[in-house]
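With the hints as your guide, set chain X onto chain Z.
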Amino acid sequence: MDHADWLRVGLVRQDRVSDPPTAFEARVRGELEPAWRLASVILGSALDAEDAVAEAALRAWRNRRSLRDGDRFAAWFGRIVVNVCRDRLRVQRRLPRIDVLIDDEIRTADDFRDDVHRRDTLGRAFELLPPDDRIVLVLRFWLDLPVESIATQLDIPVGTAKSRLHHATQRLRAEIRESEARDDER
Amino acid sequence: MTNADRFEEDLRDLLVRRDPGPVPASLELKVVGRLRSASARPPVLIGAWAGRLGAGLAAAAVVLVVVLAQPHGFASDVAATPSSSLAVTAPGPGEGIADNPMAPWIQFGIAALVFLALLRLAFRAERRAVSLAAFAAAIAIIWVGSMVARPDALAVGSGVSGVSPPVDSAPAGDDHADVAAEGDVTFYILFAVTNTTALPVRLHGLVAPPIFASGSPSELDYPRLLGLRWWPDGENCCLPEQAVPFTPTTLAAGASVDLVAVGKAGACATSQAPSGGYATIDEVPLVYEQLTIFYTAAIQLDQEVRIPTRTGCSAGVEPTPRASDLRNPEASAP
Numbered sequence: 030m031d032h033a034d035w036l037r038v039g040l041v042r043q044d045r046v047s048d049p050p051t052a053f054e055a056r057v058r059g060e061l062e063p064a065w066r067l068a069s070v071i072l073g074s075a076l077d078a079e080d081a082v083a084e085a086a087l088r089a090w091r092n093r094r095s096l097r098d099g100d101r102f103a104a105w106f107g108r109i110v111v112n113v114c115r116d117r118l119r120v121q122r123r124l125p126r127i128d129v130l131i132d133d134e135i136r137t138a139d140d141f142r143d144d145v146h147r148r149d150t151l152g153r154a155f156e157l158l159p160p161d162d163r164i165v166l167v168l169r170f171w172l173d174l175p176v177e178s179i180a181t182q183l184d185i186p187v188g189t190a191k192s193r194l195h196h197a198t199q200r201l202r203a204e205i206r207e208s209e210a211r212d213d214e215r
Numbered sequence: 003m004t005n006a007d008r009f010e011e012d013l014r015d016l017l018v019r020r021d022p023g024p025v026p027a028s029l030e031l032k033v034v035g036r037l038r039s040a041s042a043r044p045p046v047l048i049g050a051w052a053g054r055l056g057a058g059l060a061a062a063a064v065v066l067v068v069v070l071a072q073p074h075g076f077a078s079d080v081a082a083t084p085s086s087s088l089a090v091t092a093p094g095p096g097e098g099i100a101d102n103p104m105a106p107w108i109q110f111g112i113a114a115l116v117f118l119a120l121l122r123l124a125f126r127a128e129r130r131a132v133s134l135a136a137f138a139a140a141i142a143i144i145w146v147g148s149m150v151a152r153p154d155a156l157a158v159g160s161g162v163s164g165v166s167p168p169v170d171s172a173p174a175g176d177d178h179a180d181v182a183a184e185g186d187v188t189f190y191i192l193f194a195v196t197n198t199t200a201l202p203v204r205l206h207g208l209v210a211p212p213i214f215a216s217g218s219p220s221e222l223d224y225p226r227l228l229g230l231r232w233w234p235d236g237e238n239c240c241l242p243e244q245a246v247p248f249t250p251t252t253l254a255a256g257a258s259v260d261l262v263a264v265g266k267a268g269a270c271a272t273s274q275a276p277s278g279g280y281a282t283i284d285e286v287p288l289v290y291e292q293l294t295i296f297y298t299a300a301i302q303l304d305q306e307v308r309i310p311t312r313t314g315c316s317a318g319v320e321p322t323p324r325a326s327d328l329r330n331p332e333a334s335a336p
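Taken in order, these protein sequences are the chains called Z and X. With this note's numbering applied, the first sequence corresponds to residues 30 to 215, in that order. With this note's numbering applied, the second sequence corresponds to residues 3 to 336, in that order.
Keep in mind that the hints were calculated from the coordinates and are not lab data. Small disclaimer: the values here were computed from a predicted structure and weren't measured. Just so you know, even glycine gets a beta-carbon here, dropped at the ideal spot from N, CA and C. Any given hint could be a false lead.
Said to hold, decoys possible - Here are the computed distance ranges between Cβ atoms for each label pair: (1) Z:His196 x X:Arg14: 33 to 39 Å; (2) X:Ser41 x Z:Val176: 34 to 40 Å; (3) Z:Ala75 x X:Arg126: 21 to 27 Å; (4) X:Thr251 x Z:Ile185: 55 to 61 Å; (5) Z:Ile185 x X:Trp107: 19 to 25 Å; (6) Z:Val145 x X:Gly23: 52 to 58 Å; (7) Z:Ile185 x X:Ser28: 29 to 35 Å; (8) Z:Val176 x X:Phe137: 24 to 30 Å; (9) Z:Ile185 x X:Ala40: 26 to 32 Å; (10) X:Arg14 x Z:Arg91: 34 to 40 Å; (11) Z:Glu177 x X:Ser28: 49 to 55 Å.
With the rest of the complex left out, here is chain Z:
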C-alpha cells in the first residue's frame, strides 16, 4: 500500500458513512429532484427552493458524521431540506402572494370566478401559515405521508405530529374564513 492509499484509508476512517467526497456528491445528486420539488412546494418560490437545496447539501456534508446508516440517506437528507426551509420561512418577510389559477375545464363565468377566488384565497391563507404548519400540511397532502412517517421525517413524536396536523388544518380554515370575511367587507 503506497502513501496515497495510506492517506485514503485515513480519510475514509474519518467518516462514519465511509464516503469520500465524490461518493457523497453522487448521493446528493440522486436526491436533488425530490428535494427541489419539496422545497418549492414548501417555500412557494423556485428561486428560494434552489438556494435552500444548495444550503441543505452543504449542511449535509458538514454533518455527514451524524448519518449512522448509509441506507437512510434519502430520509436524512430530506429532513435537512425541511429544516433549511423552516429556517428560511422564519426569517422571510413575505407579502401574501396572489396566485391567479386558470382551470383547464370550461366553466360558466360565475363558476370560473368562484373557483379562482377560492383558490386565490386558499393560496394567500397558506402563505400566512407558520412554517411548522406549512411543512406538516405539505408532507401530508402533497407527499401523502401517513402521520407516522411525518413524525419520523420531522423527528417528533407521533402524537405531536397528529396534533400539529390538526392545528395546521384548523388554522388554514380560519385564515380562509378571515380572508373571505375581509373580501366580503370590500
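Below, chain X without anything else, positioned relative to chain Z:
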C-alpha cells in the same frame, strides 16, 4: 362533496400547482460547486496520526507551560538566603517540620493526558452540547493549573504577630521587632497565615532545614528556625510557651491560622549593644499542598525580626550582611 372534501381537494390542488417539476441544471451546478469547495482539503504532507500526535504534544506543552510558568519552588530547592542568615541543625521530632515532597511530575502528566482527552472529545463529539462541555472542561484545567503553584498562595494575615521575648527598651519601629536574647536561647516569632487563593490549601509545616556538618563554626553562632507550633482550635492562644507542635491542617479559601516559629538565637546573640550588628529573619518558609501538589512559600513577615549579636563569640565569623546593609550600613544600626 362535503366542505371538508372540497377543502382537502383544493389544498392538494394548490400544492400540486406549487410543484415546479424537473430540477433545473442550474441547481445541480450550484450544489456540486458548493460541495466540491467544501470538501476540498489542503495537501496532507504528514500522516493523519502524526498530525494528531503533534497536536497532542502541543496541547500538553501548553498545559505544562501554564502550570510551570508560575514561580514556585519545591522544598528541596529552598536554601538559606543572605537576608535571613539561617544556619540550621537537624530539628527534633514533632516540631512541625514538613516532609520533603516529590516534584509533581505525575500530577502534571495526568493533567496533560486529561487535557488531551478532553480536546479530542471536543473535536470529535457529534453533539454540540458534549463538544462545548469538553471545551469548557479543558479550559477549566488550564484555569485551575494557573491558580495552583502560586508563590503568593499564603500571605501574612490578620492575627497574632510579634516576637518573644521582645526587647522592651527598643524604640518603637514599624518595620522591625527585636528579640531579647543572651546566647543560644529559644525565641519565638508569632505570625498569622492566610490562604489567598480560591482553593483550599493544606499547610504541612516548616520547610525541612538543611543540615550542616557538625563542628561548623556557623552552626550555633547565629539564629535559626527549628520548628513550627500553633494553638489548635484557638485553645490557650496566644502565649507561645503554650503552643503545641504544628500538625498539617487545611485552610479554606480566605481562612487564616495563627502560628509560632520556634528558633534558637545563636551563641552570638546578646542583650547588650549589638557590636556585631543584627542577624535578621524576614521570612518563614512553609510547605503547603494544593490538589495533591506540594509547594513551598516563603512567608514574608510584616516585621523584620532582628537578633542583636556581638563579635568575638566564636571564630570571628560575622553575621552575613544583607545586600541592602552593604549599600546603606546605617540602616541596620539600632
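To see whether the hints hold, each was checked on the structure:
1. Z:His196 x X:Arg14: 33 to 39 Å: Distance hint for His196 (chain Z), Arg14 (chain X) is violated at roughly 19 Å.
2. X:Ser41 x Z:Val176: 34 to 40 Å: 37 Å, holds
3. Z:Ala75 x X:Arg126: 21 to 27 Å: With a Cβ separation near 39 Å, Ala75 (chain Z) and Arg126 (chain X) fall outside 21 to 27 Å, so the hint is violated.
4. X:Thr251 x Z:Ile185: 55 to 61 Å: About 58 Å separates the Cβ atoms of Thr251 (chain X) and Ile185 (chain Z), which means 55 to 61 Å holds.
5. Z:Ile185 x X:Trp107: 19 to 25 Å: 53 Å, violated
6. Z:Val145 x X:Gly23: 52 to 58 Å: 22 Å, violated
7. Z:Ile185 x X:Ser28: 29 to 35 Å: Roughly 34 Å apart at Cβ, these two residues keep to the hinted range, so it holds.
8. Z:Val176 x X:Phe137: 24 to 30 Å: The hinted range 24 to 30 Å is violated for Val176 (chain Z) and Phe137 (chain X), with Cβ atoms some 40 Å apart.
9. Z:Ile185 x X:Ala40: 26 to 32 Å: 29 Å, holds
10. X:Arg14 x Z:Arg91: 34 to 40 Å: 35 Å, holds
11. Z:Glu177 x X:Ser28: 49 to 55 Å: This hint is violated: roughly 36 Å between Cβ atoms.
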